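*Asks:* Below, each chain spelled out in residue letters.
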Amino acid sequence: MGQDALTQRYLPVLIVIIISFIIGFSMLLISRLIRPKRPYTLKLTPYECGIPSTEDTWERFNVKFYIVALVFVIFDVEIIFLYPWALVYKKIGFYALLEMYLFIFILLIGYFYAIGKKVFNWSKE
Amino acid sequence: MIELIIIFIKTAVVFGVVLAHVAYTTYAERKIIGRAQARMGPMEVGPYGLLQPIADFIKIFFKEDIVPMNAEKVLFQIAPLIVLVFTMINLTVIPFDRNFILADLNIGLLFILASASVAVYGIILAGWSSNSRYSFLGGLRSASQVLSYEIALGLSLAGVVLSAGSLNLREIVIAQHNTVFGVYAIPQIIGFIVFVISAFAETNRAPFDLPEAETELVAGYLTEYSAFRYALFFLAEYVAMYIMAFLCALCFLGGWTIPKFIIDILPFLEKVPGILWFAIKVYAFIFLYIWVRATLPRYRFDQLLNIGWKVLIPAGIVNLLIVAFIKRLGL
Chain A
1404 MGQDALTQRY LPVLIVIIIS FIIGFSMLLI SRLIRPKRPY TLKLTPYECG IPSTEDTWER
1464 FNVKFYIVAL VFVIFDVEII FLYPWALVYK KIGFYALLEM YLFIFILLIG YFYAIGKKVF
1524 NWSKE
Chain B
4 MIELIIIFIK TAVVFGVVLA HVAYTTYAER KIIGRAQARM GPMEVGPYGL LQPIADFIKI
64 FFKEDIVPMN AEKVLFQIAP LIVLVFTMIN LTVIPFDRNF ILADLNIGLL FILASASVAV
124 YGIILAGWSS NSRYSFLGGL RSASQVLSYE IALGLSLAGV VLSAGSLNLR EIVIAQHNTV
184 FGVYAIPQII GFIVFVISAF AETNRAPFDL PEAETELVAG YLTEYSAFRY ALFFLAEYVA
244 MYIMAFLCAL CFLGGWTIPK FIIDILPFLE KVPGILWFAI KVYAFIFLYI WVRATLPRYR
304 FDQLLNIGWK VLIPAGIVNL LIVAFIKRLG L
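Chains as they are written, first to last, in the numbering used here: chain A, 1404 to 1528; chain B, 4 to 334.
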């Protein structure tokens, strides 16, 4: 496939990006022209159930969110590896089956290690 | 030049149809949930309340847009646009009928998974930039929810790719049509169930709609949003619902085709245009979304992650191993 054909295939994607951006942006713009704008300090404070908020929110939070993100990266890369394997599976034959069972087996070791370390355990006991 | 105009017309048709469907899905949702709770649903605006979505749309135009003063203003304002744009681009690779597709990419399925990952940025940015505790926690939770279930979703779709031997959604449908059952939902029943559950979680819908868990998180990452920016998130959520319904119809239910064994019994069904079958399958899936929302209570956050990591991912892997084995045997 030549360079031109490739660009041509992805042209609709570019057009859709532009059009959907324009739709969202122009609606916001039109709405900006007709909606009221009467801000005052109390209205602009972040919602906090009636209590005035004291400081910024950007502070430390539960470390579990980081761990979930890390485990996600590992598993997501695994899936990315699985897709090309799934595509050429028929051509490679029996060897592919064996390889992938091995690959998934190694991954499962890590998976059970994560479960053993209670990564997915969110309650406090 | 002519080609460019054709692409524009096609895009306009797809956007028009999908956005009209989104508007009336909100109406259908309120009607169906109303009926499920022995209410009438919207009745005032127009006959049977049919003009309600239009009234809502006009109303939301006139609402004041509030940007909290401590917020990271630029990010706060573009986050809804990121979510919307990266949800809408999924529509390019969806084949609505045998010959109607915006961009016939050979990596269609991968494209959808990739843009789903980018849409997570919008959620995180929305939650972080609001500088409100509810938004912040809600954003983190929604992001880890979407990430966790994306793995299960990817695993269930890997089974489909394995069976079809292609990432192109059109070729997946054709390969599917040539199998004995004509749909992948029957031989890959585990993968199908995993897909449906993770599709619900991916789009933040009941019973996984944590952003709407008012009692604990107010409105999650949407807490500080108002007026049209909120509407953009809302729009993106419904478009995402339709994307999942499209994917389900294409990858598991045979897209625009009907199984051959049904044609053998009832030959006249072959005359029905493909787009109609596709629409029926998509509507059925959307109805399932609404039905589940009317029926099931919401999960807690730890339960949600447990289901994702300890049930769906192993089930997805088992499904993949079974499919690989069956394919090896040449069935």
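Check the hints yourself; a few may be wrong.
As the list claims (entries may be wrong) - Calculated lysine-lysine pairs in the PhoX-like style (CA-CA distance at most 20 Å, straight line):
id, chain 1, residue 1, chain 2, residue 2
1, A, 1446, B, 330
2, B, 62, A, 1494
3, A, 1440, B, 13
Unchecked claim - Which chain A residues face chain B? A few, computed with CB under 10 Å, are given here:
id, residue
4, 1427
5, 1437
6, 1441
7, 1446
8, 1485
9, 1489
10, 1496
11, 1509
12, 1512
13, 1513
14, 1516
15, 1520
Derived by calculation from the structure, the hints in this document are not laboratory data. This structure is a prediction, so every number in the text was calculated from the model and none was measured. Even for Gly, the Cβ is constructed at its ideal location relative to N, Cα and C.
*Asks:* Output the numbers, in ascending order, of every earlier hint that fails for this structure.
*Replies:* Numbers 1, 2, 3, 11, 12, 13, 14, 15 - these are the hints that the structure violates, sorted from lowest upward.
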